[in-house]
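**Q** One letter stands for each residue in the lines below.
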Amino acid sequence: MSSLAVQKVPSAAGTTGATRGRPPLRSRIALVPTLTLLLGAVYCLLPVAWVVIASTKSGSELFSTFTFLPGTGFTDNVKDLNAYRDGIYWQWMGNSALYAVLGALLSTCVSAFSGYALATYRFRGRETMFNVLLAGVLMPPIILAVPQYLLLAKADLTDSYWSVLLPQILSPYGVYLSRIYAAAAVPGDVVEAGRMDGASEWRIFTRIALPMMVPGMVTVFLFQFVAIWNNFLLPYIMLSDDEKFPLTLGLFTLLEQGANTPALYTLVITGAFLAVIPLVALFLVIQRFWSLDLLSGAVKS
Amino acid sequence: MPNTKRRRLVTTAVVVTLGATALAACGSSDDDSGAESGPVSLTYWTWTPGMDKVVDLWNKGPGKKDQITVTVKKQASGDTLVTKILTAHKAGKAPDLVQAEYQALPTLVSNDALADIGKNVGDAKSKFAGGVWQQTTLGTDAVYAVPQDIGPMMFYYRADLFKKYGLSVPATWEQFAETARALKKKAPDVDLTTFSANDSGLFAGLAQQAGAQWWTTSGTTWKVGINDTATKKVADFWGGLVEEGALDNQPMYTPAWNKALNTGQQIAWVSAVWAPGTLTTAAPDTKGKWAMAPLPQWSSGENVTGSWGGSSTGVTTDSKHKEAAAKFAAWLNTDDEALQALAKESGIYPAATNAQTSGAFTTAPDYFSTQPEFYALASKIAKTTAPSAWGPNVNVAYTTFKDAFGAAAKNKSDFSAALDTMQADTVADMKKQGFEVSE
Chain A
1 MSSLAVQKVP
11 SAAGTTGATR
21 GRPPLRSRIA
31 LVPTLTLLLG
41 AVYCLLPVAW
51 VVIASTKSGS
61 ELFSTFTFLP
71 GTGFTDNVKD
81 LNAYRDGIYW
91 QWMGNSALYA
101 VLGALLSTCV
111 SAFSGYALAT
121 YRFRGRETMF
131 NVLLAGVLMP
141 PIILAVPQYL
151 LLAKADLTDS
161 YWSVLLPQIL
171 SPYGVYLSRI
181 YAAAAVPGDV
191 VEAGRMDGAS
201 EWRIFTRIAL
211 PMMVPGMVTV
221 FLFQFVAIWN
231 NFLLPYIMLS
241 DDEKFPLTLG
251 LFTLLEQGAN
261 TPALYTLVIT
271 GAFLAVIPLV
281 ALFLVIQRFW
291 SLDLLSGAVK
301 S
Chain B
1 MPNTKRRRLV
11 TTAVVVTLGA
21 TALAACGSSD
31 DDSGAESGPV
41 SLTYWTWTPG
51 MDKVVDLWNK
61 GPGKKDQITV
71 TVKKQASGDT
81 LVTKILTAHK
91 AGKAPDLVQA
101 EYQALPTLVS
111 NDALADIGKN
121 VGDAKSKFAG
131 GVWQQTTLGT
141 DAVYAVPQDI
151 GPMMFYYRAD
161 LFKKYGLSVP
171 ATWEQFAETA
181 RALKKKAPDV
191 DLTTFSANDS
201 GLFAGLAQQA
211 GAQWWTTSGT
221 TWKVGINDTA
231 TKKVADFWGG
241 LVEEGALDNQ
251 PMYTPAWNKA
261 LNTGQQIAWV
271 SAVWAPGTLT
281 TAAPDTKGKW
291 AMAPLPQWSS
301 GENVTGSWGG
311 SSTGVTTDSK
321 HKEAAAKFAA
331 WLNTDDEALQ
341 ALAKESGIYP
351 AATNAQTSGA
361 FTTAPDYFST
371 QPEFYALASK
381 IAKTTAPSAW
391 GPNVNVAYTT
401 FKDAFGAAAK
411 NKSDFSAALD
421 TMQADTVADM
431 KKQGFEVSE
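Protein sequences appear in the order of chains A and B. Read in my numbering, the first sequence has 193 at position 193, and its numbers run on one by one without any break. Read in my numbering, the second sequence has 14 at position 14, and its numbers run on one by one without any break.
Hints may contain errors.
[To be verified] Cross-link-like lysine to aspartate or glutamate pairs, in silico, EDC-like; alpha carbons within 16 Å at most:
id	chain 1	residue 1	chain 2	residue 2
1	B	223	B	436
2	B	84	A	159
3	A	154	B	318
4	B	84	A	242
5	B	73	A	159
6	B	344	B	52
7	B	93	A	256
8	B	125	B	112
9	B	73	A	256
10	B	53	A	86
11	B	73	A	242
12	B	93	A	86
13	B	73	B	52
14	B	259	B	243
15	B	412	B	141
16	B	60	B	420
17	B	73	A	127
18	B	184	B	236
19	B	402	B	420
20	B	90	A	256
If you're looking for bench data, these hints aren't it; they were derived computationally from the structure.
Kindly generate the complete structure, drawing on both the sequences and the hints.
**A** In C-alpha cells, the structure reads:
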C-alpha cells in the first residue's frame with residue numbers, strides 16, 4: 001500500500017508541477033501524510049529488521065560488525081537454540097501457542113456471549129454492569145496480576161496451565177468491543193423476527209446473531225491472541241516450573257542468568273525472531289476476515 | 001508512623017518467636033532418628049545454568065538414600081526474583097529452596113521468607129571464610145542460607161597494551177589515577193576503564209573495600225551509612241577522574257562497551273573472579289591478552305578487596321520439610337562432588353574455601369591461559385574480602401544509585417551529592433517500611 005502511494009505522489013507532482021509552474025494543491029497535501037506514514041513505518045519496521053538481521057549473526061559478529069550487515073551464523077544460532085537444554089525453546093513455543101490459541105478462543109466465546117447479551121437484552125443493572133466493564137477496560141491488567149495470583153493460590157491453581165489461562169479468559173476490552181459490535185451489526189428487528197418465528201434465544205444467537213458478529217469476533221480473537229502471546233507479568237508471577245513457561249518468560253531466563261554468567265544474546269535474539277513468525281503468519285491468514293470487517297461494518301437498513 | 005513502627009517490631013518479634021518454636025519443634029523431632037519418614041519432595045528456585053545436572057547427582061546419590069528428591073525450577077535472576085519469592089511467600093507458596101544473592105538476604109529475612117537453618121547445616125560454617133559466612137547470619141546467631149558462590153574483586157588489564165603504553169599495574173588507587181592520566185596523555189582516545197553508573201554492585205564492592213558499612217544495627221535500630229566517609233572517598237575518587245576526563249563515563253555491559261574492550265579502547269576492567277566468562281563473550285578477539293592482579297589498595301601495604309556478585313542457598317519458611325531442605329543446601333555447597341559439578345556445569349566460583357584450589361580450579365580459565373596461576377591468586381585474594389553489611393532495602397539503594405550516579409556520571413558533576421541522594425532515599429524508604437532508623 002504505502003509503496004504504491006510513494007510512487008504515485010512524486011510522479012504526479014513531477015509532471016503537473018513542471019508544466020504549470022505551480023504544483024496543484026492536492027499533491028502538496030498528499031506528500032506530508034505520505035512522509036509521516038513512511039516515517040511511522042520505518043519507526044515500526046526498523047526494530048523488526050534489526051531482529052531479523054541480528055539473528056543471522058554469530059556471537060562474535062553480533063557486537064563487532066555493522067548493525068545492518070547480515071551475518072553468517074543463522075543456522076548455527078538455530079542449532080544452538082535447538083540444543084539448549086534439549087530443545088526447551090520449542091516447549092516454550094508450544095506453551096505460548098497453547099495459552100494464546102486456547103485463551104483467545106475461550107475469551108472470544110465469553111466476549112461474544114456477554115457482548116451480545118449486553119447489546120440485545122434490557123435488564124436491570126445493565127448499564128451499571130457495562131460501566132463497571134468500562135472501568136475494567138481502563139484498568140491495566142498488570143495491576144491485577146498480583147491479586148489474581150493470591151486468589152489462585154487460595155484455589156491451589158498456581159504453577160499450572162490454568163493459572164495463566166483462567167485470568168485471561170475474561171477480557172473487559174473484548175466484551176466492550178463485542179457489545180459495540182453486536183449493537184451495530186445485529187439489528188433489533190432481526191432478533192425480533194427470529195422470536196416471531198418461534199426460534200429459541202439460543203438458536204437466534206447461534207444461527208442469526210453470531211454469523212453477523214463474526215468479523216468483530218475475529219478482531220477480538222486477534223487482540224486477545226497478541227495480548228496473551230506477548231504477556232509477561234502474569235505468567236511470570238503465576239509459573240515457577242520452566243517447562244510451563246511461555247516464550248516471553250523463557251527468553252527472559254536466557255537473558256538473566258545471574259551476574260557472573262553472560263547473557264545468551266544470540267539465542268535470545270534468534271528466539272525472539274522465531275517467536276515473531278507465528279504472529280506474522282496469523283495476521284496474514286486472518287487478514288481477509290478483517291477486510292470483511294470493514295465492508296460489513298455498515299448494515300443496510 | 002510510630003504506630004506502624006511498633007507494629008512492625010511486634011510482628012517481627014512474634015514471628016521470630018514463632019519461628020524459633022517451629023524450629024525447636026523440628027529440632028526435637030530430629031532426636032529420634034528417622035522421625036521424618038517417607039519420601040520428601042522439594043522444589044528449588046535457581047537461576048544457575050546447569051543446576052539440574054548437579055541436582056541429579058543428589059537425587060541419584062545422597063538424596064536417594066535419604067528419600068529426598070529435589071526438583072529444579074529454573075528462574076531468571078535479579079531483583080525481580082526477590083519480588084517473586086516475596087509474592088509467593090505472601091500466598092504461602094514459596095518453594096522449599098531458593099537461590100538468593102547476599103544483598104537480598106536481609107530483604108528476605110525481614111519479610112520472614114527465610115528460615116533459620118542453623119541447627120540443620122552441621123559443620124558447614126567451617127568450610128567458608130568468616131566474611132562470607134557472616135553474610136548469611138546477618139550478624140545474628142541464626143543461619144539464613146548456605147553460601148554458594150562468591151565474587152571477590154580484582155583488577156583486570158590488557159597485559160600487551162600496558163606494555164605498549166609503558167604502564168605498570170597500579171597497586172594503589174593513587175597509582176590507578178596516575179595510570180589513567182598517563183594513558184590519556186599517551187593515547188587520548190583510549191581509556192583505562194569506565195565508571196559505570198549501571199552497576200550498583202560494583203560500586204558497593206568498591207565501597208566495601210574502602211571499609212564502608214552501609215547498613216548496621218544496634219538492637220532494633222538500623223543505621224544507614226551510605227554517605228559515610230569511606231564511601232565518600234570512593235565516590236569522590238571516581239567522580240574526580242570522570243570529571244577531569246581521565247576515565248570514560250559510559251555504562252558497562254552494552255554493545256558499545258563490548259566493542260571498546262574488544263578493540264582495545266578500554267584496556268582495564270575492575271571486576272570480579274567471574275570476569276573470564278564475561279570477557280569470553282564481550283571481547284572474544286583479545287583472548288590470552290589479559291592478565292589479572294589484586295585490586296588497587298587505598299594505602300600501600302594494605303590487602304583488602306570487596307565483592308561483586310555471589311549468591312547463597314536458603315530455605316523458606318513456607319517449606320514443610322525445612323530439615324531436609326537444609327540438608328540438601330549444605331550438601332550442594334560443601335560436598336566435594338557437588339562443588340566440582342557446580343564448577344563444571346555452571347561455571348561458578350565456589351564460596352567453600354577447599355574447593356577454590358582443587359579440581360576445576362587447578363588450571364587457569366581458557367581465556368587466561370597465559371596466566372596459569374590465575375586461580376591460586378584468586379583464592380589468595382578471596383581470603384582478603386572485607387566484611388559486608390547489607391540492609392533490608394538494598395534494591396532501593398541500588399535503584400537510586402543508578403538514577404543519581406547515572407545523571408552525575410553523564411553530566412560529570414559532583415558524585416558526593418549523588419551519594420547524599422542515595423542515602424536520603426534509602427533512609428526514607430526504610431522509615432516508610434516501618435523500620436526504626438537512627439539519624
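**Q** CA of residue 402/B to CA of residue 420/B, is that 16 Å or under?
**A** holds (13 Å)
**Q** Given the hint that residue 154/A pairs with residue 318/B, test it: the Cα-Cα distance must not exceed 16 Å.
**A** holds (15 Å)
**Q** Starting from residue 412/B, check that the Cα of residue 141/B is at most 16 Å away, please.
**A** Distance ~44 Å between residue 412/B and residue 141/B Cα, so the pair is violated.
**Q** Is residue 53/B within 16 Å of residue 86/A, Cα to Cα?
**A** holds (13 Å)
**Q** Within a Cα-Cα threshold of 16 Å, do residue 84/B and residue 242/A meet the stated pairing?
**A** holds (14 Å)
**Q** Does residue 159/A lie within 16 Å of residue 73/B when you go C-alpha to C-alpha?
**A** Holds, at about 11 Å.
**Q** Below or equal to 16 Å on CA atoms is what counts here, so check residue 84/B against residue 159/A.
**A** holds (13 Å)
**Q** Does residue 256/A sit within 16 Å of residue 73/B, going by the straight-line distance between their CA atoms?
**A** Distance of about 14 Å is within 16 Å: holds.
**Q** Measure nothing beyond the straight line between the CA atoms of residue 73/B and residue 242/A; if it is 16 Å or shorter, mark the hint as holding.
**A** holds (6 Å)
**Q** Take the C-alpha atoms of residue 259/B and residue 243/B, compute the straight-line distance between them, and say whether it is at most 16 Å.
**A** violated (23 Å)
**Q** Check the hint pairing residue 125/B with residue 112/B against an upper bound of 16 Å on the C-alpha distance.
**A** Since the Cα atoms of residue 125/B and residue 112/B sit roughly 22 Å apart, the hinted pair is violated (cutoff 16 Å).
**Q** Can you confirm whether the C-alpha distance between residue 93/B and residue 86/A stays at or below 16 Å?
**A** Given pair residue 93/B, residue 86/A is violated - Cα atoms ~29 Å apart, limit 16 Å.
Violated hints, listed in ascending order, are 7, 8, 12, 14, 15, 16, 17, 18, 20; each of the other numbered hints is respected by the structure.
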